[in-house]
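Trainee: Sequence:
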Amino acid sequence: MTEDIRAACVIGWPVEHSRSPLIHNYWIGKYKVAGEYRREAVPPEEFYGFIKEFAARGYVGANVTLPHKERVLDLTVPDERAQAVGAANTLWLDGGVLRSTNTDVEGFLANLDAATPGWDRGLETALVLGAGGAARSVVFSLVARDVANIRVVNRTPERGQALRERFGRQVRPAAWDELGGLMAGAGFLVNATTLGMQGQPPLDIALDDLPPSAVVCDLVYAPLLTGLIRKASERGLRHADGLGMLLHQAVRGFSLWFGVTPEVTPELRALVEADLTKSD
1373 MTEDIRAACV IGWPVEHSRS PLIHNYWIGK YKVAGEYRRE AVPPEEFYGF IKEFAARGYV
1433 GANVTLPHKE RVLDLTVPDE RAQAVGAANT LWLDGGVLRS TNTDVEGFLA NLDAATPGWD
1493 RGLETALVLG AGGAARSVVF SLVARDVANI RVVNRTPERG QALRERFGRQ VRPAAWDELG
1553 GLMAGAGFLV NATTLGMQGQ PPLDIALDDL PPSAVVCDLV YAPLLTGLIR KASERGLRHA
1613 DGLGMLLHQA VRGFSLWFGV TPEVTPELRA LVEADLTKSD
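1373 is the number of the first residue of the sequence shown in the working numbering; add one for each residue after it.
For the record, the hints were derived by calculation from the structure and aren't laboratory data.
Incorrect hints may appear among the rest.
Derived CB-CB ranges, DEER-like [to be verified]:
| id | residue 1 | residue 2 | range |
| --- | --- | --- | --- |
| 1 | 1377 | 1583 | 20 to 30 Å |
| 2 | 1548 | 1438 | 18 to 28 Å |
| 3 | 1494 | 1552 | 18 to 28 Å |
| 4 | 1645 | 1607 | 16 to 26 Å |
| 5 | 1645 | 1530 | 36 to 46 Å |
| 6 | 1489 | 1397 | 43 to 53 Å |
| 7 | 1650 | 1605 | 22 to 32 Å |
| 8 | 1417 | 1550 | 35 to 45 Å |
| 9 | 1552 | 1385 | 32 to 42 Å |
| 10 | 1376 | 1605 | 43 to 53 Å |
| 11 | 1553 | 1585 | 11 to 21 Å |
Idealized CB from N, CA, C, for every residue including glycine.
All chains, full assembly: derive it from the sequences and hints.
Mentor: Right under this line is the structure:
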């Protein structure tokens, strides 16, 4: 690596599954950037040392994935969004200061804005399935779009209550067995659990009672066509899949590290789709 080459990476444990190198190296080639993007497999016990040596390793920025997204807040200077969500996924060096943010929020919103334009227009009630880290980003996003009634549906409602305490009174927890009764009044439903992911149990819910104007979103992108997205499509409901969020959340990091704001194009999506299909 020379001084003229700007280097970034994805840090995780494990990290072999990450599609971030495919996305960012595509953009590096497309925009003819003098840059590199690599994987760094860093176990939890080595994470502190890796971050302390971040600049010395020649990096200008990074993505952070599991299991480090929460711990990294204590080792960097997080922005307001990362603090609110309680996790960071993007790091960058700013005048020698290692800063962190959470781009899952803008990835979630940009994906919906692109795939289902106007999805939040007049939206009053949203159903969020799950109350973990992904749900925190989703709830933050919905609060930012002024959704008045956000029902967090989870098997342990105490976790939903924790989101209410974090984000405000428009967030209301609900038990999983209440979901069916909430459908008819919802204009938006999002799966922020791992249900439906490869190797995980299916998300076994019916969408029959959702209004015809409702929008459905699944954060899961492996498989590409989840059971939830298939059911939404069969009902003729507008929907957005998890791959779009993955692509859109990568935009800001690339811009911070390499000084170019990249586009999420059909060509990029096709590239990642092919890789996901190959891995099935």
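Trainee: Look at each hint and say if it fits the structure.
Mentor: Hints, verified against the model:
1. 1377 - 1583: 20 to 30 Å: Cβ of residue 1377 to Cβ of residue 1583: about 52 Å, so the range 20 to 30 Å is violated.
2. 1548 - 1438: 18 to 28 Å: Roughly 24 Å apart at Cβ, these two residues keep to the hinted range, so it holds.
3. 1494 - 1552: 18 to 28 Å: holds, 24 Å
4. 1645 - 1607: 16 to 26 Å: holds, 23 Å
5. 1645 - 1530: 36 to 46 Å: Given a distance of about 38 Å, which is inside 36 to 46 Å, the answer is holds.
6. 1489 - 1397: 43 to 53 Å: violated, 30 Å
7. 1650 - 1605: 22 to 32 Å: Given range 22 to 32 Å: holds, Cβ gap about 23 Å.
8. 1417 - 1550: 35 to 45 Å: With a Cβ separation near 41 Å, residue 1417 and residue 1550 satisfy 35 to 45 Å, so the hint holds.
9. 1552 - 1385: 32 to 42 Å: holds, 38 Å
10. 1376 - 1605: 43 to 53 Å: holds, 47 Å
11. 1553 - 1585: 11 to 21 Å: Distance hint for residue 1553, residue 1585 holds at roughly 19 Å.
In the structure shown, a violation is registered for the earlier hints numbered 1 and 6, in ascending order.
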